[in-house]
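With my numbering applied, the sequence shown corresponds to residues 50 to 594, in that order.
Because the hints were derived from the structure by calculation, they are not lab data.
Don't take each hint at face value.
Claimed, not checked - Listed below are the simulated PhoX-like cross-link pairs for lysine-lysine, each with C-alpha atoms no more than 20 angstroms apart in a straight line:
(1) K79 / K65
(2) K79 / K127
(3) K567 / K531
(4) K577 / K223
(5) K587 / K577
(6) K223 / K564
(7) K564 / K577
(8) K476 / K507
(9) K520 / K223
(10) K510 / K520
(11) K56 / K88
(12) K537 / K520
(13) K254 / K223
(14) K344 / K476
(15) K191 / K127
(16) K127 / K88
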Amino acid sequence: LAISPIKIGENYQFYKDIVTYFQNSVREPKLMVVDLKAKLYATLRIEQRVTEAIEEYGVDPVIAVLRKTLDDTVDEVKRRVEQWPDGTVRTMGIADSTLRENCMIKVNLEATVKGGELTLDFRGSSPEFANRPNNAVTSALKGTLGQLFLSFVWPDLPRNQAVLAPMKIIVDEKSIFNPSFETPNAQSMMTMWPAFAVTQASLAKFLYNSPEKSTHVIAPWYNMITTCIYGGVTQHGETVGNLCADLNGMSGGARDGIDGEHSIAPLFAPMAEQGEQEQIEEEVPIIQLSRRIMKDNQGFGKYRGGQGYQMFLTQRGSDQFGFMTTTIGSKYPTNLGLFGGYSAPTYPLCKIKGINVFDIMKNNPEKMVYTTEELMNNRPFEEATYSTHHTGLQYELAEEGEIYIITQGAGGGYGDILDRDPESVMKDIEEDLISQETANEIYKVFYDPETFVLDREKTEKARQAEKEARKTRGVPFNEFVKNWVTDKPAEHMPYYGSWDDRDVIYYGSPDKVTKGEKLKSVMMPNPKDVEIAELKAKLAAIEKK
């Protein structure tokens, strides 16, 4: 709600009229009041613990402990960063969508350690968007980075934001990480979480060389909001609007010496869980027809990233219910690998329309399949329309039994794929995590498909041949740069952010650029207007013929 801060109660009681006003101002009144009650209870619990501590120890000792906890955290972070080698690591990420159109939104990071001070410099990232939800306020970025340090770098430290106090975080004004007040700004996960991934990858380079570690060096966690947002009238006649907790099933990155965990926890809450699907189905008409780890959905490497699950979503029992999705990564991977490991793949949204799958399951159950590749490649429902899209699905009403498929992503891989233990590859084969093609073509591991017996000799020869082929394909660095690097983005590519010099910012075209100036807001056109203009141009070209 776009309102000024307002008092909503006193003496531990809500003002009923104010709460009713809030409930009538949102799409799901019940969720609003439950959220307020949860926050009130959490506050009361904190008050209880502080009061108990004061009664036992006194006010001054409690204040002293709180202050010392923060100060000790700052001192310990300084001590640990001093062990890291001086140097600079540059990493970039791409957000490939505004949810309404595909484009390349750059997340730029230069991480520097010098004299025990860590600087995270995000200058050169994309300018802010005036009419798209890709902006994240700086405090939201810092909160995300705090979670990164406290969960994946130093999980043994006290959990407080003092972990960031000794660090310097630099952002451009009017960038996606420091938007102006007039633009849509909050905590855009399409922006913050690619920043999480590039920072995690950068820190691993320093942590690898640190004599003291509190955790394994880890490849980036999967980092996107893969879930469905739903809204409409339930089977009980209630008007609802919310998102599912499937985003909590993010997969873990591979670790030094250990494979990543499958769909284990979100990057922002390592102890969170996903809820019970049966309980969800009691409250809303969402049915998950299939929810299983997707084969080959893996960050390949010496140690592979955890794999994500696929979700077949449909609705049953409502005439007015729909879905939308707010994730990215269907054109350009949002995640990164580490030390030669592969990133997560890209993930399109799949739709199967024009059918009622419940009728099919009742009358022709033999037609029903439960994996994305079988459904989209074999197309078993003759009367259905099959399509793939980017994952910025705008809200649309779903007919009963129509299928929407989204896929939870994979954690990044760690190390060279040719160094993966063939026995580990065979274990993945036996668990149906990867296909024979992946074992043969990616890992260069060969086996008897009937008996699953590893062919060690053929595997060793194939790997050695691939290593020799790498030498043949390889070119000197300067030659690679000469043939690969361009002065500016390609003309056809809607690219936002710096290309080489971080003071030179591009605004969707190589001709729209600012150099060393304050950033400007980007106003995106309506995609329908763009499509209409393209169609008119095609018609004009046809008429000329």
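Need the status of pair K79, K65: alpha-carbon distance at most 20 angstroms?
holds (14 angstroms)
Taken at face value, is the distance from the CA of K88 to the CA of K127 at most 20 angstroms?
violated (34 angstroms)
Could you grab the alpha-carbon distance between K567 and K531 and see if it respects the 20 angstroms cut-off?
violated (31 angstroms)
Tell me if the straight-line CA distance from K564 to K577 falls inside 20 angstroms.
violated (31 angstroms)
If you draw a straight line from the CA of K520 to the CA of K223, is it 20 angstroms or shorter?
Violated, because 45 angstroms separates the two Cα atoms, which is more than 20 angstroms.
Given pair status - K127, K191, alpha carbons within 20 angstroms:
Holds: K191 and K127 sit about 18 angstroms apart, inside 20 angstroms.
Within 20 angstroms, alpha carbon to alpha carbon, are K79 and K127?
violated (46 angstroms)
Can the restraint linking K56 and K88 be considered satisfied, given a maximum Cα separation of 20 angstroms?
Judged against 20 angstroms, a Cα distance of about 14 angstroms means the pair holds.
Hey, K344 versus K476, does the alpha-carbon distance stay inside 20 angstroms?
holds (13 angstroms)
Would you check the hint for K254 and K223, treating anything up to 20 angstroms between C-alpha atoms as holding?
Judged against 20 angstroms, a Cα distance of about 30 angstroms means the pair is violated.
Within 20 angstroms, alpha carbon to alpha carbon, are K537 and K520?
violated (30 angstroms)
Would you check the hint for K223 and K564, treating anything up to 20 angstroms between C-alpha atoms as holding?
Holds, because 15 angstroms separates the two Cα atoms, which is no more than 20 angstroms.
Of the numbered hints listed earlier, those contradicted by the structure are 2, 3, 4, 7, 9, 12, 13, 16.
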